[in-house]
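Participant: Chain residues, written in single-letter form:
2 protein chains.
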Amino acid sequence: MSDTKPSVLVVGSVAVDWVITPRAEREESIGGAATFFSIAASYFSNVRLVGVVGEDFPKQGLDDLRARGVDLDGLEVNPEGKTFRWKGKYHENMNGRDTLDTQLGVFEAFDPKLPAHYQDSDYLFLANIVPALQLKVLEQMKTRPKLVGLDSMNLWIDIARDDLVKVIGKVDVLTINEEEAMQLTSEHNLVKAAKAIRGMGPRSLVIKRGEYGALLFHDDEIFSAPALPLEDVVDPTGAGDSFAGGFMGYLARGVEPTGQNLRTAMIYGSVLASYNVEGFSYDTMKNLSVGTIQSRFDQFSRLTDFSKAAL
Amino acid sequence: MSDTKPSVLVVGSVAVDWVITPRAEREESIGGAATFFSIAASYFSNVRLVGVVGEDFPKQGLDDLRARGVDLDGLEVNPEGKTFRWKGKYHENMNGRDTLDTQLGVFEAFDPKLPAHYQDSDYLFLANIVPALQLKVLEQMKTRPKLVGLDSMNLWIDIARDDLVKVIGKVDVLTINEEEAMQLTSEHNLVKAAKAIRGMGPRSLVIKRGEYGALLFHDDEIFSAPALPLEDVVDPTGAGDSFAGGFMGYLARGVEPTGQNLRTAMIYGSVLASYNVEGFSYDTMKNLSVGTIQSRFDQFSRLTDFSKAAL
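Residue numbers (our numbering), protein chains in the order written: chain S, 17 to 327; chain R, 17 to 327.
For reference, chain S alone in the conformation it holds in the complex (with noise of 0.2 Å):
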C-alpha cells in the first residue's frame, strides 16, 4: 500500500444497482465491474480506475474508492446523463439471476479516454464493455503492458464477435464464465472449449464456475481453484470482478506470470470474492487487513489438503 507499488490499470463499468435477493434487498448499491475489481486489487497494488459516472453517483462511492488509493483521474463524471444502473433479482439458490431493469445512462456514449499518467500501466484489465472500446484502449497505450487481462460476456459473443475475437487475441489473459466459454467455441466439452480459446491468443485462461469456483488453463496444466462454501451468501453480485481484482492486482505486484504464481493468484482472487459475497455491494470487502487475507487464505488451503497413500 506505498507509493513504490506497480500500478494496474482497470477500464470499466461504475454503476450503482438494485439488488433483491430472496432474503434482503438494496436500491442504490454501489457497483459495477471496475469498482468491484479496484476495491479488491487495491490491496495488492496501486489501482487506476478508467469509467463514466452520472452527478447522481453516491459520493460515497467516490469515498470509498478514494480511501482505497485509487486513482480516479480517469473517471468521468458526465452531467448529461444518470450513471449505469442494473436492477437484478436472485433465485432462492442465490445463484441464477433475472434482470429487471437495465439503464446505461451516460455509459452508453462511454468513450474511455485515458489520462497520460495512465498510458504506461505495467498492468492492464479490460473489464467487461463493448470489444471494439476494449481495443480503443489498448491503442492508447504507449508502451505495451507486461499483462493484460480482459473480461467479456455472452451478448458480445451475440452481437460483437468479430471484435471480441480479435480483443481475445491481443491479452494475456481471458477470464470467461463457463457458459459463455462454450458459447464462444461451440464446443460442449469444457477442456475443448479451453484449448479452442487459446489457439485464439491468451497464454492464460480462467475459467469462472461461481459457486463451483473456477479453471485455469496455463502451459500444458489445468489447476482448480475451489469456493469456498459459505453459509451466508448475501449478495452474489461483483463476485468474478472482485475475482479479477485480487487475481490481476496479486499480479500486478510484479511477479512473473508463471503457472504457480497464476495459481496464487487465483486463490487471492477466490479470496476477494469471498469476502464480497458476504455482503451488499463491495460492504465487506473494503476493510480488509493483510490479515484477514491471509487467514482466508489459509482457509483455501485447508479446503483443500489432502495427502496421498501407499497402496
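No lab work stands behind these hints, which were simulated from the structure alone. The structure presented is a predicted model; accordingly, all values stated were derived computationally and were not measured.
Same chains, same label: a pair holds when it works inside one copy or across any pair of copies.
The calculated lysine-lysine pairs, modelled on BS3-like cross-linking and capped at a C-alpha distance of 25 Å, are:
#1 K105 x K208
#2 K324 x K21
#3 K302 x K324
#4 K162 x K324
#5 K162 x K182
Starting from the known structure of chain S, arrange chain R on it as the hints suggest.
Facilitator: Just chain R now, kept in the frame of chain S:
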C-alpha cells in the same frame, strides 16, 4: 489384492443399461450401482456383493466381477424375471440426462439376504435402493460394522422420507447429490443443508456435484475434491457409484476414518470415477493397476496445488 485384506460388503442394483450419448450408444451395457461400486472398490479391498439378476444377465458381467475377485455368493439369480434394465439419454454437455425407460424386473421383488459369511463384514455400503431394504440389511449384520456408508436418491425423499431419515440416522457416512441434499433438508444453502443432514446422524457427509467434484463435511471442516477436467467423457453412468467404491474401498483397508483419511479416500474415489466415465460401462475401470491409480492421484494433487505469498 491378497486374501488378508478386509472386506467391504455392498448391497445394491446390478443392471443392464441402454446408454445413449450424443456421440455413441451401447444397448447391452452392464451397469448397476453395486457393479460399479464393486469394480472400483476391488482395487483396495475384498468386496462382497448382494444383489439380484435374471437369467438374461450377461455372463461377461459375472466373469468381470469374478476376475476382480468380487465375492458373488450374495448375488441371487432369479429365473422368474429379467434383470433390472435402465435406458437413458445424455444431453449434449454429457451432464444432464433423461431416463427413457426403466424395467425393474427381478429387482422389484428384491429381498436382500446376506450369506452367513457376509454378516460380520467390517465395512458396509448400502447403495441406492428402497430405504426399508437398507434397514433390513443393517438388521442382518451380526455385529455393527466399523463403518457404514449410504447412498440414496430423490425418489426416496419423495415417497419414503421417514424410512430414509431412519436409515440415515444409523450410518456413518452419507453420500448424496447436491440437489438431493437441498431437497432432503428444504435448505437452499449447501452449508446449511449439510448441517441439517449431519444433525440426522451421520458423522461424515459427502455431497456429490458431478463434473464439479464433491465436498466432504466432517467434524468442523469442509474438504473440496475437484473432478478431473476430461476431454473425452464417454459415459457418465456409474460415476457416483465408482466414486463410492473407491472411497469406501480405500477406507476398508482398515484406515481410521479421520478427517485426513477421509480426504484421501475422497480423492481415490474421484480417481476411480474419472476412469469410469472415460468408457462405457466399467470398460476403462476394469483393468487398472496400482500404478495407474497412483499416477492419476498425482494428477489430482497437481490439479489443486498452490502456494501462498507474503503480502
